[in-house]
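2 protein chains.
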Amino acid sequence: LADLPIGVFDSGIGGLTVLRALERELPDEEFLYLGDTARLPYGTKTAQTVERYALQAGGELVRRGIKCLVVACNTASSASLPALRAAFPTLPVLGVIDPGASAAVQASRAGRIGVLATEATVRSGAYERAIRGLRPDARVSSVAASLFVALAEEGWTEGEVATPTARRYLGDLKALAGDVDTLVLGCTHFPPFVPLLRSLLPADCAIVDSAATTATAVRQCLADYTRTPAPGPMRLLATDGIERFARVGARFLGRPIGEAQVERVDLTAVV
Amino acid sequence: LADLPIGVFDSGIGGLTVLRALERELPDEEFLYLGDTARLPYGTKTAQTVERYALQAGGELVRRGIKCLVVACNTASSASLPALRAAFPTLPVLGVIDPGASAAVQASRAGRIGVLATEATVRSGAYERAIRGLRPDARVSSVAASLFVALAEEGWTEGEVATPTARRYLGDLKALAGDVDTLVLGCTHFPPFVPLLRSLLPADCAIVDSAATTATAVRQCLADYTRTPAPGPMRLLATDGIERFARVGARFLGRPIGEAQVERVDLTAVV
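In the order they appear, the protein sequences are chains A and B. Each residue of the first sequence is one higher than the one before, counting from 158 in our numbering. Each residue of the second sequence is one higher than the one before, counting from 158 in our numbering.
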C-alpha cells in the first residue's frame, strides 16, 4: 500500500497547482493525476452532476491503484466528498476546502474573510461552513469570479482585461462585506492572479489558497505509511485534449509538460 | 413526418440565438432544443470528443422524433456533420458553418473575410474551407476569441472588460489579415457582442452570423414537407443546470425562459 501513488483528481488543469505543492511537500511520493478535461469546467454545473463525474474519476484512479485520493478541485470538493468517502470507505479522501478554510483562519486577524470561487462553490456555501466550523465568529462572504477561469486558461492574468475584471470582483466583495483582512482563492485556477490581486488589495490583506495547506494535510494523513524513496515519474491522465492539457497545464504546474507524459482516459466507460 | 418537430442541438445556450432565428423564419414549426450543458463548452475540446457528444445528442433527439436536425453550434458543426449524416442517413442534418460562410460571401465586397470563433472551430479550418468553396479567391483569417464565451455567459458584453478583450481579438485579426471587409461571428455565443464590435470596426465592415442564413437553409430544406399550422409550445432539453439554462439562456433566446419549460436529460445513458 505504501508504495502506491497518491491519486489527484481535478476537473482539468487547475489542480496542477495542488500537485505542485504536493510534490514539494512529499518529494518521495509518486503521483497519479487525472484531469477531466472532456467535461470541464465543473464550476457552472450542478452539484449532482459534479458528484457523478467525481465518482467516475475516483473509480478510475482506484482501479489503477492509489493509497489516498486528493480532490484538487474546489467545486468537486464542495460537492462530492461524502459520496466519494461512501464509495471508497477504506481510502483516505481529502478535499481542498477544509485546508483552504484552515489557511484562511490561520491568516485572518479579525475574522473578516472573503472568498473568490466558482459559481458552484459559492452556491454550495462550503467555505462558509468550513471556516465557521473553525472560527464561529468569522464573517465570510463569497463572490463568484467566473471569468477568472477563462482568463487563466487564456493566460491573461494581468493587463487591460484582467485588471478591470479583478477590480470588479473585488468591488462586488467589498460591496457585500466591506474590507476583508483575508482573501481565499477558492478555485485552483486563481493562483496565477495573485500578483494582480496583491496590487489591488490593501497591503495588510492576506491572500491564501488551498495548495500548501492541502499538501500539509496529505502529509499528516499519510504519516503512518512509510515509503520506499526513489519514486518513478509523475503520471498524468486527461479525458480530452492532450495537447491543450500539456500546453496550458504547464502554466499551472510551473514547468513544461511533455505530451508523451499525458495519457488519455475515457471515464464514460466507468460506471 | 411533416408534423414532427425540428431538432436543434447545441453545446449549451448559445444555440438559442439560432432557435430564435428559426422561430422567426418558420413560425408554423415546432422545435425541440437540446443544450448539452453538462459538458459545455465544446470549443476547447478535441474534434473526436465533440463528435462523440454530438452523436449522443443527435441520438437522443432522433429517439424522441424529429424531422430534421440543426446543429446550432459552430464547434459541433465543424466536427460532427459527416458522422451525424452517416449515423442518421435518412434525416436532413444541417450545420451553421455553411450558412455562415454563405452569409459572409454574400456580404463581402473584396473577399477579405475575418472569422472570430472558438479554439476548436479555428483549428478545424471549417470556415476557411466553406468560404473558399463558395469563393475560391477569398482571403479568410480566423482568430480564437475564447474569452467571449465566458463573457457572454457572465453577461459582460460591453464595458471595461469586454471592450479591451474585443479590441485585442480584433487586433490579432488585423495583425494576421490587415483590414477585413466582413467579420463572421463563428460561435453562437458571439451575437451579443455585435454593438461593441460595431463600435470598434470601420463603418463599412459587415458583421454576419449564421443564425438568419441557417434558418433560411432549414426553410429551403423543408420546403417539400407541408406542415399543419398551430404548433405546440417549444420544448427545451438540457443535460444539466436547468436554473442556469433558463436564467442565462434568456439573454440568447431574447425572451424569458421558465424553468418548467426545460427538461433535464441524461446523455451518458445513450450509446
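Calculated from the structure, these hints are not laboratory results. Since we're looking at a predicted model, the values are computed, not measured. Incorrect hints may have been included.
Identical chains share a label here; the pair holds if one copy fits it or two copies do between them.
[To be verified] With a straight-line cut-off of 25 angstroms between C-alpha atoms, the simulated SDA-like cross-links for lysine to any residue are: (1) LYS331 x GLU317; (2) LYS331 x GLU315; (3) LYS224 x ARG266.
TODO: Enumerate the violated hints, using their earlier numbering and listing them in ascending order.
DONE: 3
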